[in-house]
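Novice: Chains A and B, in that order, are what the protein sequence lines are. Residues in the first sequence are numbered from 1 upward in steps of one, following full-length UniProt numbering. Residues in the second sequence are numbered from 1 upward in steps of one, following full-length UniProt numbering.
Read the hints as simulated data drawn from the structure, not as lab findings. No experiment lies behind these values; they were computed from the predicted model shown. We put the CB at the ideal spot given by N, CA and C, even for glycine. Among the hints, erroneous ones may be present.
[Claimed, not checked] With a straight-line cut-off of 16 angstroms between C-alpha atoms, the simulated EDC-like cross-links for lysine to aspartate or glutamate are: (1) 492/B x 282/A; (2) 493/B x 9/A; (3) 280/A x 910/B; (4) 775/B x 740/B; (5) 762/B x 736/B; (6) 290/A x 1163/B; (7) 292/A x 736/B; (8) 1189/B x 1163/B; (9) 286/A x 929/B; (10) 948/B x 282/A; (11) 948/B x 279/A; (12) 280/A x 753/B; (13) 292/A x 1002/B; (14) 148/A x 910/B; (15) 1080/B x 1155/B; (16) 948/B x 129/A; (17) 255/A x 1002/B; (18) 948/B x 167/A; (19) 775/B x 788/B; (20) 492/B x 9/A; (21) 294/A x 1203/B.
[What the hints assert, rightly or not] For the chain A half of the interface with chain B, some residues (derived, Cβ under 8 angstroms), not all of them: (22) 30; (23) 40; (24) 119; (25) 120; (26) 139; (27) 143; (28) 200; (29) 287.
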Amino acid sequence: MDPYSAEGELINIHNHFHQGQYQEVVDFDVSSLSPENALPARVLQLRARVALGQAEDVLAEVQGEAGEGAPELAAVSALAAQALGKADEAVETIEGLAQSAGDNPTVQVLGGTVLQAAGKSEEALALLERHQGSLDAVALIVQIYLQKNRNDLAVKEVAAARRWAQDSLLVNLAESWVGLRLGGEKYQQAFYVFEELAQAPATSSVQSLVSQAVAELHLGRIEEAQAALDQALKKEPGYAEAIANLLVLNVIAGKNAEELTNSLQKVNPEHPFLTDLAEKNDLFDKAATKYKAKVTA
Amino acid sequence: MQASSGMLTKFESKSSRAKGIAFHPKRPWILVSLHSSTIQLWDYRMGTLIDRFEEHDGPVRGVDFHKTQPLFVSGGDDYKIKVWSYQTRRCLFTLNGHLDYVRTVFFHHELPWIVSASDDQTIRIWNWQNRSLLCTMTGHNHYAMCAQFHPKEDLVVSASLDQSVRVWDISGLRKKHSAPTSMSFEDQVARANANQTDMFGNTDAVVKFVLEGHDRGVNWVAFHPTMPLIVSAGDDRLIKLWRMSETKAWEVDTCRGHFQNASGCLFHPHQDLILSAGEDKTIRVWDLNKRTAVHTFKRENDRFWVIAAHPEINLFAAGHDNGVMVFKLERERPASAVYQNTLFYITKDKCVKSYDFQKNVESPTLLSLKKLGSPWVPPRTVSYNPAERSVLVTSPADGGTYELVNLPRDGSGAIEPAESKRGQGNSAIFVARNRFAVLNTSNQTVDIKDLTNNTTRSFKPPVGTSDIYFGGTGNLLIITPTAVHLYDIQQKKTTAELAVNGVKYVVWSNDGLYAALLSKHNVTIVTKTLEQVSTLHETIRIKSATWDDAGVLLYSTLNHVKYTLLNGDNGIVRTLDQTVYLVRVKGRNVYCLDRAAKPRILQIDPTEYRFKLALVKRNYEEMLHIIQNSSLVGQSIISYLQKKGYPEIALQFVQDPATRFELAIECGNLDVAVEVAKELDRPKLWTRLSTEALAHGNHSVVEMCYQKLKHFDKLSFLYLTTGDNSKLSRMAKIAEHRGDFTSRFQNALYLGEVEDRIQMFKEIDLYPLAYMTAKAHGLEEEVQSILEATGLTEDQLNLPTFGEPLTPPKPVVPTYQANWPTKATSQSFFEKALLSQVEGLSLEDDAAAANGLGEAEEEVTAKRDTLGEAEEDEDAAGWDMGEDIVAEVEEGFVNVESADAGGAGSSEADLWARNSPLAVDHVAGGSFETAMQLLNRQVGAVNFAPLKPRFLEVYQASKTYLPASAGLPPLVNYVRRTVEETDLRKVLPVIPRDLEYLASNDLQRGYDSMKANRLEDGLRIFKGILHAVLINAVGSDSEVAEAKKLIASASEYTVAMSIELARRALGSTETVNQNPQLLKRSLELSAYFTIPKIEVPHRQLALLNAMNLAMRSKNYNSALSFANRMLANGGASRLLENARRTKAQCERNPNDAVEIEFDQFAEFDICAASHTPIYSGTAYEECAFDGSKYHTKYKGTVCVVCEVCEVGKHGSGLKLFV
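Chain A with its partners taken away, still in its complex shape (with noise of 0.2 angstroms):
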């Protein structure tokens, strides 16, 4: 049986991880898990700890076991490694786990990650494409589809997961990802999702809080958005994420955004809004600077 399906044993931890709920992931009691979920739940654990910041410790833990006989063990190390910016080494670790073990959902998932996160989407793309049924690697490929602005083959993506996989989460988390792309009343079906998951308390966490401040957002509703946003920088004040879209919506609003901007800054400087603008700084000067006036005053 799936240990993931709705009856499956790792439902509820899987879920936890899904809706950005790691710490709970990492409080999850797995000593009454049967043996053969006790990888994937730890593997989980790992992974959750990796997103709270704790790659290195889990760099450690792992780095003994990434044996040959672990290739979950070793993709998870290249995650961590991908998060310690050791981008290189990471994806030299995934490439040859493809290589060895490329039908390890695992495998496929942890390294489809790191390989989007260095930008080589194509080589992400093929090795979650090898998936069986794994509703991880679908959202992946449905997120690397939207990153590379390829909203007809997300839907194509979503549309198919949903024939086979119904009502599950990550099905729900990926449809609403590619709504929000798509707009129009899929604003709105994405924000029921995350709301009804930021809303409920075993559910609520800050990215659902952040999704349903994002929907909101698209579909006008500022202050709505304002709300859950403050909700979420209650719950977790250096979630750059909450302050990176609160920002927006500040400019939206026509409000001052610089202290913001400043947090921001501090929180993660290497924060696509950030790069991006800055980007954008320069493109303006450079532009700006083929015009003048005939005359000067």
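Got chain A; can you put chain B on it based on the hints?
Specialist: Structure of chain B alone, referenced to chain A:
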């Protein structure tokens, strides 16, 4: 047809066989006559036996209540008819006459008559007032089993074991016994002729019709309450329906189904139904129009003997072998759901309607649900989904069904639902905006379905689940007979469980934090995580509940509206004369649905519970407000306060001194206690007060009490302890005065007055003691004088050895000067609130008054300013605003056809630039080069540096960052202003600070800085506006015009402000005045400042400024012109007064001392760069964007107003609208 479901038994009694039943028309009472000769009077609502009447000998078969009098009648196998008073609880009299068992007895609805049917084959009519037999109707030739009056006409119907039903005309009887005046001679003749006498010459009651059709004896017969119909039940197991006209009667149809003798039957008082009961242990319900069976209710062991209907409300009773049951055919609770200010409910004829709480209006029928379920089964629940504007209706018909239908946008009559999705289920509720849950009790599953009715997931609820309710987002409340579970749908597990028995309804508070679980007799309040907050028990059945906005639960029982606070405090709000179902509380109004599913508004007085709530929340202002504005003061509230530990608050209400004293003591408010004690002046009170005051250390009150009580000893001791020696010596004097030697001694002791003590001993001839005292204190003189007085010598005395003489302690601190510092809390919070509140009020008044005088003028102008804008705002409102979209459902997506194989697509940002010719959309898309190109072409923009903040602002607003998979950067999405658009060729980006925002924010700030004379700020703001409009988009052509207006206005202000700033830059007043060149320029600039077309109040400021400067420089002519212009403009009176004065002054000498280049009569514009006049007719250049004017020599420079465009470069014009 289904069997035995749906009967709602309200009451059951255990007794011997019940033969006769009667409902009281008003009270919840039922009379039951038993085979065992007893008559029982039950309260079926409370389930209690009120009384028993035992005078009949043998079975009692017939009973009936009188409609208005406190009477009932019974008839039994002892041949007797008895009339009873249930007030005096005894039989008033007995009517004798029947010669065999009496089967039924009934009162007439208006005349003082009783009709009885007997086994002696007669039907008799009696007058219970004069206790006489009026008429004996003969004709049946077997036992007469039943006889009833017609509810309106002068008819009697009877049934007999001779297999016939007879209808009797008793109009003759009425005429005979009514006042003779009503009968004219003609009437008498007519009557004599018309009424053929029967064979015994009896004209009072004649057989009108004989209805034959039953093959066996007929047990029961009844008239229809309004229609000319008769129903009868017989031993041939048939129920027959008969119809009659004036002249004849005939059989209409037969209802077949009973498989044993049918013993009773009746028409439903309000619906087209027939009910019948039989010895086959069934009660059957038939459709009157189709004569088909609607319901069958089967009882295991008991044969039914009689059935009766309540005349008013929807209740029935049936008597069987082991007692009586009272039941309803259907639930009367109308299905309803509340969303914000709207109530959705289903009427008795199965139409969905809505009701607006704010406007108090019912909508027309939104939807007809006639086709849902069977016609006689009303829907049970309705759940409303505001996002989709759809309702989910459940009905118990066919073992439970649900139906999901969309409501039309506006109701316009009974519309059959266009499309609906239905299925089997006992409960169905929305759990999210696109999901609903359906409970199927028979196979115990809960399905979560999407709006297309497909099951997306399904799970097994806890064992024995009977109902489900919404449990907060993503959760269900699952009800089992003994517990409530909070179930997480996503995790598929119970997250909390609370043992509560028999919960039937769940009502959520408006803020979603609390829920009330209603069971038959209990209300349990829980938090959203299912923690019990409080619970309460009601003996009367609880029907419904609703929360008010402050978190008070109002609930209704059968006869009361009550409230309960979260802490469990509860009370009665008002009584009810009929059962209602509360749906909403707002202020003093309680909105509810009555049993006819009509919305009603009940007035309540919420003072009590609001007060208690305020008390719990310690909201003293609110309490104060309530106290001041309502008549709350009552014994109950006082004792409540006292009980709850708020005596200091109770104190505020009480007038009665005795109670006041008690409360004051309790809360330690000595001032009040003293006040009251003085008023009452009773020793007991003083005693208590002294004790309390002593405990507080308030010795001055203690002193007063002791004084009042004349407790001299205590008083002395008090003075001693407080060190008040002067008073102590006064006490000594008083003691001397009173001749109280003990007291005197004591005081002397306290004071250390040895002489006094010796003196006293001497006075009372206690020389030995006097001597001892003197000796002990070494007062030798005194010793000697005593010895002399007693005639003794020292040798004769045998003295013990003395210790140290007593010396009273010296006070260290003058305690008596002040009381002990007492606890600060002795002054209640409430009193403080009271005090501060009063002060606050008076302050506010002052402030308001001051405002009224001082700032009125300013406000008026300010208001006038904003008035015009406000109107514009309203016009503009609604564009570019996100709305809840419920657009057509569209399958599939817009698919940008491209090869399936890899390769990146183009982002939406790229599309924006492609989709729009507006610079702003290119900016948002990050395509700055093309944006600049556009601006250059449109308005000749060349200097982009000032636009950089705006470029980046627009660009920053265009994208959001969605956290997706862990480990990857967030997904970038593109924020659109075309929220509902999905066609990628039409999507456009969101624009921060749109036109509306600029007009209502930046523009106002600009005005404000003008008013406040912060011109540098103003200049910055108006230039900012120009830049923001330049990079902007609007939604329509009319808005383009508005934008143009805004540009023009901002441009004028920019010019005006820069002129004035230039003037100020000339130097300080002294330097300017000393330099004629500068002075001239200064005066010119001040004059030019008045030229730009800025708002009138602001122009007045400019004019005032120019006028004053001109005056100071003796340029009276110019000043005069400014004054004239000011007067022409009108406005604030202070300004006008000033202008008038100046005018008067200038008119005396209308000459300018300094000649300036300002022709008040010429028409001219100001060059924005040089600040000199451009007279009309001369050539000038313009900025293509903001329209500021320049002397021709400035052509080719950058416009100083917008700082962006090249002067004199004419573009294609700014484009703001696609």
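Novice: Against each hint, give a clear statement of whether it holds in the structure.
Specialist: Each hint, compared with the structure:
1. 492/B x 282/A: violated (52 angstroms)
2. 493/B x 9/A: Answer holds: residue 493/B to residue 9/A is near 12 angstroms, not above 16 angstroms.
3. 280/A x 910/B: holds (14 angstroms)
4. 775/B x 740/B: Violated: residue 775/B and residue 740/B sit about 24 angstroms apart, past 16 angstroms.
5. 762/B x 736/B: holds (14 angstroms)
6. 290/A x 1163/B: Between residue 290/A and residue 1163/B the Cα gap is close to 40 angstroms, so the pair fails against 16 angstroms, i.e. violated.
7. 292/A x 736/B: Roughly 116 angstroms separates the two Cα atoms, so the pair is violated.
8. 1189/B x 1163/B: Cα-Cα ~14 angstroms, so holds.
9. 286/A x 929/B: holds (9 angstroms)
10. 948/B x 282/A: holds (11 angstroms)
11. 948/B x 279/A: Measuring from Cα to Cα gives roughly 13 angstroms; hence the hint holds.
12. 280/A x 753/B: Outside the cut-off at roughly 103 angstroms; violated.
13. 292/A x 1002/B: violated (29 angstroms)
14. 148/A x 910/B: holds (13 angstroms)
15. 1080/B x 1155/B: holds (7 angstroms)
16. 948/B x 129/A: With a Cα-Cα distance of about 44 angstroms, the restraint between residue 948/B and residue 129/A is violated, given a limit of 16 angstroms.
17. 255/A x 1002/B: Within the cut-off at roughly 11 angstroms; holds.
18. 948/B x 167/A: It is violated: about 47 angstroms lies between the C-alpha atoms, which goes past 16 angstroms.
19. 775/B x 788/B: Status holds; Cα separation ~14 angstroms.
20. 492/B x 9/A: Status holds; Cα separation ~12 angstroms.
21. 294/A x 1203/B: holds (14 angstroms)
22. 30: With Cβ-Cβ at 16 angstroms, over 8 angstroms, it is violated.
23. 40: It is violated, given that the least Cβ distance between residue 40/A and chain B is near 15 angstroms, above 8 angstroms.
24. 119: Given a least distance of 10 angstroms, the restraint on residue 119/A is violated.
25. 120: Not OK, violated: residue 120/A not within 8 angstroms of chain B, min 12 angstroms.
26. 139: Residue 139/A check passes; min Cβ-Cβ to chain B is 6 angstroms, inside 8 angstroms.
27. 143: holds (5 angstroms)
28. 200: holds (3 angstroms)
29. 287: Since chain B brings a Cβ to about 5 angstroms from residue 287/A, closer than 8 angstroms, the hint holds.
Going down the numbered hints, you'll see the structure goes against 1, 4, 6, 7, 12, 13, 16, 18, 22, 23, 24 and 25, while the others check out.
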